[in-house]
Amino acid sequence: MEKVAIIGVGQTKYERDKKETFAELVFEATSKALEDAGISKDDVDNIVSVSSDFWDGRTISSMAISDASNAYGKDITTVEGDGTFGVLYGMMRILSGSFGVTIVCAHHKGTESNMRGITNCAFDPLVERKLGIDAISSAALQARRYMNRYGVHEEQLALVSVKNHKNAMRNPLALLPMDISVEDVMNSRKIADPLKLLDCSPVTDGACTLVLAAEREAKRLSTSKKRVWLKGTGHCSDAFRLGDRDLSDTRALKDAAKRAYTMAGISDPRKEIAVAEVYDAFSHMELMWLEGLGFCEDGAAGEQMERGVFNSDGKLPVNPSGGRLSSHPVQVAGLAAMAECALQLRGEAEDRQLEDPQTALVHGINGMCGQSHCVWILGK
Amino acid sequence: MGKRVGIIGVGQTHHAAKRLDASGVELISEAVTRALDDAQLTIKDIDAVVIGNMDHFENINYVDMWAIDGLGAFMKPVFKVTTGGTTGTTVGACGYYHAASGLFDVVLAVGWEKNSESDTQAAIATCANPTLERDPFAGAIGPLATEYSMYMKAYGATEEDSAIVAARDRNNALNNPYAHSRQAVTVEDVLNSPMLSYPVKFLDMCPRSDGSCAVIFASEEKARKLCPRPAWVHASVVRHDYTHFGDLEWTFMPTLERASAAAYKVAGITDPLNEFDVAELYIPCATCGVKWMDSLWFCDHGGAPDLIRKGTFHMDGQLPINPSGGVISTNPIGATGLIRIGEGAWQIMGKAGDRQVPGVEKALCTGFGGCSWSDVMILGADLP
Amino acid sequence: MPDWTQEVEVLIDEGRISVPYSWTVGTTLSRFYCELRDNGKIWANRCPECGTVFVPPKIKCINCYQDLHDWVELPGTGTVETFTVVRYEEPAIHPRKAPFVYGIIKMDGADTGMLHFIDEIEPEKVKAGMRVEAVLEDERDGNILDIKHFRPLKPGSGG
Numbered sequence: 001m002e003k004v005a006i007i008g009v010g011q012t013k014y015e016r017d018k019k020e021t022f023a024e025l026v027f028e029a030t031s032k033a034l035e036d037a038g039i040s041k042d043d044v045d046n047i048v049s050v051s052s053d054f055w056d057g058r059t060i061s062s063m064a065i066s067d068a069s070n071a072y073g074k075d076i077t078t079v080e081g082d083g084t085f086g087v088l089y090g091m092m093r094i095l096s097g098s099f100g101v102t103i104v105c106a107h108h109k110g111t112e113s114n115m116r117g118i119t120n121c122a123f124d125p126l127v128e129r130k131l132g133i134d135a136i137s138s139a140a141l142q143a144r145r146y147m148n149r150y151g152v153h154e155e156q157l158a159l160v161s162v163k164n165h166k167n168a169m170r171n172p173l174a175l176l177p178m179d180i181s182v183e184d185v186m187n188s189r190k191i192a193d194p195l196k197l198l199d200c201s202p203v204t205d206g207a208c209t210l211v212l213a214a215e216r217e218a219k220r221l222s223t224s225k226k227r228v229w230l231k232g233t234g235h236c237s238d239a240f241r242l243g244d245r246d247l248s249d250t251r252a253l254k255d256a257a258k259r260a261y262t263m264a265g266i267s268d269p270r271k272e273i274a275v276a277e278v279y280d281a282f283s284h285m286e287l288m289w290l291e292g293l294g295f296c297e298d299g300a301a302g303e304q305m306e307r308g309v310f311n312s313d314g315k316l317p318v319n320p321s322g323g324r325l326s327s328h329p330v331q332v333a334g335l336a337a338m339a340e341c342a343l344q345l346r347g348e349a350e351d352r353q354l355e356d357p358q359t360a361l362v363h364g365i366n367g368m369c370g371q372s373h374c375v376w377i378l379g380k
Numbered sequence: 001m002g003k004r005v006g007i008i009g010v011g012q013t014h015h016a017a018k019r020l021d022a023s024g025v026e027l028i029s030e031a032v033t034r035a036l037d038d039a040q041l042t043i044k045d046i047d048a049v050v051i052g053n054m055d056h057f058e059n060i061n062y063v064d065m066w067a068i069d070g071l072g073a074f075m076k077p078v079f080k081v082t083t084g085g086t087t088g089t090t091v092g093a094c095g096y097y098h099a100a101s102g103l104f105d106v107v108l109a110v111g112w113e114k115n116s117e118s119d120t121q122a123a124i125a126t127c128a129n130p131t132l133e134r135d136p137f138a139g140a141i142g143p144l145a146t147e148y149s150m151y152m153k154a155y156g157a158t159e160e161d162s163a164i165v166a167a168r169d170r171n172n173a174l175n176n177p178y179a180h181s182r183q184a185v186t187v188e189d190v191l192n193s194p195m196l197s198y199p200v201k202f203l204d205m206c207p208r209s210d211g212s213c214a215v216i217f218a219s220e221e222k223a224r225k226l227c228p229r230p231a232w233v234h235a236s237v238v239r240h241d242y243t244h245f246g247d248l249e250w251t252f253m254p255t256l257e258r259a260s261a262a263a264y265k266v267a268g269i270t271d272p273l274n275e276f277d278v279a280e281l282y283i284p285c286a287t288c289g290v291k292w293m294d295s296l297w298f299c300d301h302g303g304a305p306d307l308i309r310k311g312t313f314h315m316d317g318q319l320p321i322n323p324s325g326g327v328i329s330t331n332p333i334g335a336t337g338l339i340r341i342g343e344g345a346w347q348i349m350g351k352a353g354d355r356q357v358p359g360v361e362k363a364l365c366t367g368f369g370g371c372s373w374s375d376v377m378i379l380g381a382d383l384p
Numbered sequence: 001m002p003d004w005t006q007e008v009e010v011l012i013d014e015g016r017i018s019v020p021y022s023w024t025v026g027t028t029l030s031r032f033y034c035e036l037r038d039n040g041k042i043w044a045n046r047c048p049e050c051g052t053v054f055v056p057p058k059i060k061c062i063n064c065y066q067d068l069h070d071w072v073e074l075p076g077t078g079t080v081e082t083f084t085v086v087r088y089e090e091p092a093i094h095p096r097k098a099p100f101v102y103g104i105i106k107m108d109g110a111d112t113g114m115l116h117f118i119d120e121i122e123p124e125k126v127k128a129g130m131r132v133e134a135v136l137e138d139e140r141d142g143n144i145l146d147i148k149h150f151r152p153l154k155p156g157s158g159g
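First to last, the sequence lines map onto chains A, B and C. Here UniProt numbering is used: position 280 in the first sequence is 280, and no number is missing along the way. Here UniProt numbering is used: position 231 in the second sequence is 231, and no number is missing along the way. Here UniProt numbering is used: position 96 in the third sequence is 96, and no number is missing along the way.
In case anyone wonders, no lab produced these hints; they're calculated from the structure. Watch out, some of these pointers could steer you wrong.
Once the Cα atoms are required to be at most 20 Å apart in a straight line, the calculated SDA-like pairs of lysine to any residue come out as [unchecked claim]: (1) A/190 x C/100; (2) A/130 x C/91; (3) A/19 x A/57; (4) C/106 x A/246; (5) C/127 x A/148; (6) B/225 x B/129.
Not close to chain C: a few residues of chain A, all C-beta gaps over 10 Å, as computed [to be verified]: (7) 3; (8) 45; (9) 148; (10) 182.
Cβ coordinates follow ideal geometry from the N, Cα and C atoms, glycine included.
Let the sequences and hints guide you as you build the complete structure.
Now the structure itself:
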């Protein structure tokens with residue numbers, strides 16, 4: 001397989017109530033990515049935008065950001081889902097031989113949308129939606145099931161929140177850098193048992209753009225310091241209705257991870273992955289996904305969290321950016337996670353910089369309760 | 001370098017104004033089941049799935065997640081792509097790139113829509129910029145009518161030219177058991193039909209439909225093994241250059257010109273009118289079926305009315321267009337572009353039944369939507 | 001962003017477009033809801049190949065992609081697999097006032113669970129593993145709210 005690299009990264013600050021339009025956000029992130037890559041807009045031959053009609057409140061939502069994504073005169077398409085799936089399609093288009101340099105851009109203004117109504121619309125109108133279920137109440141069902149199955153405590157979930165908000169303090173782009181304690185999390189307002197306010201990710205605005213390049217183009221256009229290779233990927237979806245799944249079962253993630261590890265030649269993720277950004281939309285999810293990714297046994301992540309294994313100074317730092325718990329622009333999230341890992345591998349992660357990481361893992365989810373997963377292995 | 005890819009199976013639902021017998025998921029499974037039958041495969045043979053539609057027509061968020069049962073995608077790789085009216089061709093291109101990348105060998109691409117579940121124009125209205133264009137210009141018919149008025153003024157095209165196209169596509173649909181609207185229609189009937197927005201009349205315009213289409217793409221080795229005569233993908237080009245309706249060029253169709261020119265170059269086509277044996281084109285309104293012929297390089301700007309009047313694009317003409325009846329006969333929006341690709345593929349595979357054009361070696365398929373966006377896919381009986 | 005944006009008044013243009021929806025229930029779920037509405041029964045369907053029983057019924061088996069023609073009547077009882085106590089108000093989507101309880105109930109006779117409300121018990125007393133039964137509305141319309149909620153089975157009542 002021909003290699004594909006990330007050669008440019010651009011992000012806006014992740015904030016609430018951003019005054020810029022969707023197009024302005026995409027323009028900011030894309031301009032930054034092109035500048036970071038050191039290429040001109042004409043070096044790009046195709047665009048994958050990641051855009052949701054629901055979150056934007058616009059039919060053909062990609063149209064609003066088309067100009068801003070550098071689409072004029074180029075081949076363009078739109079993925080509706082997390083940014084990690086956008087990168088997947090962007091990579092496919094390069095591997096097909098049709099394109100050499102792909103822009104993958106995503107935008108989101110959570111503060112302009114109604115999260116509960118919009119996520120309620122992700123549920124089956126004929127069977128689930130009328131009950132009023134949404135992203136939070138369904139996540140709570142999952143958290144309870146996971147905790148019951150493995151004997152995980154709320155305090156262990158809280159450790160995720162403490163770690164990630166603390167990590168965010170070294171990320172100038174993050175929305176919620178906070179120095180909090182387990183007690184703060186335990187005392188935060190109950191939302192849907194067992195989830196409390198500080199177990200949940202915040203509504204966020206922002207945009208992120210990555211520039212991908214085929215090996216031949218990457219070597220022509222960029223320096224080896226800037227290049228981060230996409231070494232492996234896998235995606236897989238579980239069943240749709242909540243009742244069709246055991247919400248504590250990470251079978252779809254395991255399948256996606258296996259594909260990614262196989263492609264990247266990884267046989268022992270615990271030893272071979274230096275840093276991971278996983279999709280912690282809720283605190284319990286980080287624990288579940290770390291298990292599904294094979295970083296520890298099923299049910300053991302809480303215990304490992306207690307031992308500090310996943311702290312920034314631990315054996316396998318997870319979510320050094322602060323994770324989704326600190327900034328959660330939907331769709332953008334997976335791209336932001338990938339941006340962080342790219343920066344880490346390049347040695348450009350500033351105060352968050354880990355010591356010379358060579359291989360990183362990026363994880364994104366789509367759908368409710370992490371129905372679908374997309375896993376990436378990045379390498380230097 | 002990527003892999004060469006062929007289409008090895010196609011399935012469609014019987015499209016209709018309202019499929020009250022089938023929920024969205026049932027509609028999707030109908031098309032998928034038929035595509036698997038057409039390719040003589042089971043769901044286990046499918047390595048990856050891609051789906052597309054337009055969210056606001058059915059108000060379902062994360063449609064790829066919702067459609068798992070109908071797609072047979074449980075524990076498979078799946079994601080969604082969507083680009084307005086061009087969604088169908090975007091889905092087709094995505095299926096192609098899945099296989100061409102070498103990551104997946106047999107890929108199921110599905111487009112669908114249940115337009116009966118909502119008010120189509122209201123749902124479309126939000127595509128226009130809310131502060132600049134939504135109030136005056138939202139909806140599909142206005143821009144298309146404006147466009148043809150300019151073309152009539154510039155080149156002397158007539159309402160009758162458009163009526164010839166409408167009658168052609170509608171009569172072709174009589175040979176297509178899957179088409180939504182199947183009615184024998186004369187040029188007079190079209191001219192006498194109610195005016196919607198000058199000069200576009202009722203019978204010039206496409207319906208909105210419930211329907212689904214599934215197309216199975218396979219990488220070269222698998223395609224040869226599984227299918228006696230795949231429809232090989234020779235080119236896939238997309239140009240979605242515009243964001244605002246006010247920016248459009250009105251006397252020709254710039255994105256179609258650019259996309260088709262680029263596609264012809266990739267596929268080695270220098271004389272499209274003679275080299276294509278059939279064309280399944282996304283013509284949402286018969287007026288487009290006049291004007292846009294210029295932009296497919298069939299003639300110079302303004303040359304289309306002459307070709308139309310000579311019957312060039314009728315079933316017995318030099319280059320039959322829309323033997324399926326086209327978009328004017330069937331329009332489940334998320335599927336419409338993919339139906340063009342599926343019909344084009346069937347023409348090459350020799351499976352187009354009563355609407356088969358004899359001896360098809362090369363087919364031209366296009367998609368349209370959004371703000372004058374154009375997609376082009378070229379299929380051939382020979383390997384590219 | 002340039003500095004001039006700090007000095008101007010930000011305008012917000014609010015709009016609302018009404019887009020009513022009517023979803024086709026389709027063949028499979030119509031049968032399910034007609035049985036629920038007219039006869040007060042909960043039915044599931046079963047895959048002839050792998051034997052999985054699905055409730056609410058499915059159009060195709062998710063494992064085998066087979067058509068599902070065998071229908072099975074369920075007793076309407078089940079076991080709570082998981083639950084949550086919702087404590088926030090969202091009147092636009094919630095048919096009940098908080099606090100209320102959602103549960104996923106593994107239905108007796110089926111291999112899948114149903115999402116619904118759990119009531120007639122204090123929220124704090126709900127536990128996974130509890131045995132529950134469906135309570136139906138007297139007046140039913142043919143949708144999921146024809147089931148009012150699930151309530152704890154009385155001990156010794158055949159659960």
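Each hint, compared with the structure:
1. A/190 x C/100: 13 Å, holds
2. A/130 x C/91: 12 Å, holds
3. A/19 x A/57: 17 Å, holds
4. C/106 x A/246: 10 Å, holds
5. C/127 x A/148: Holds. Residue 127 of chain C to residue 148 of chain A sits at ~10 Å (cutoff 20 Å).
6. B/225 x B/129: The given pair, whose Cα atoms are some 49 Å apart, is violated under the 20 Å limit.
7. 3: 36 Å, holds
8. 45: About 29 Å separates residue 45 of chain A from the closest Cβ of chain C, which puts it past 10 Å; holds.
9. 148: 5 Å, violated
10. 182: Holds, because the least Cβ-Cβ distance between residue 182 of chain A and chain C comes to about 21 Å, which exceeds 10 Å.
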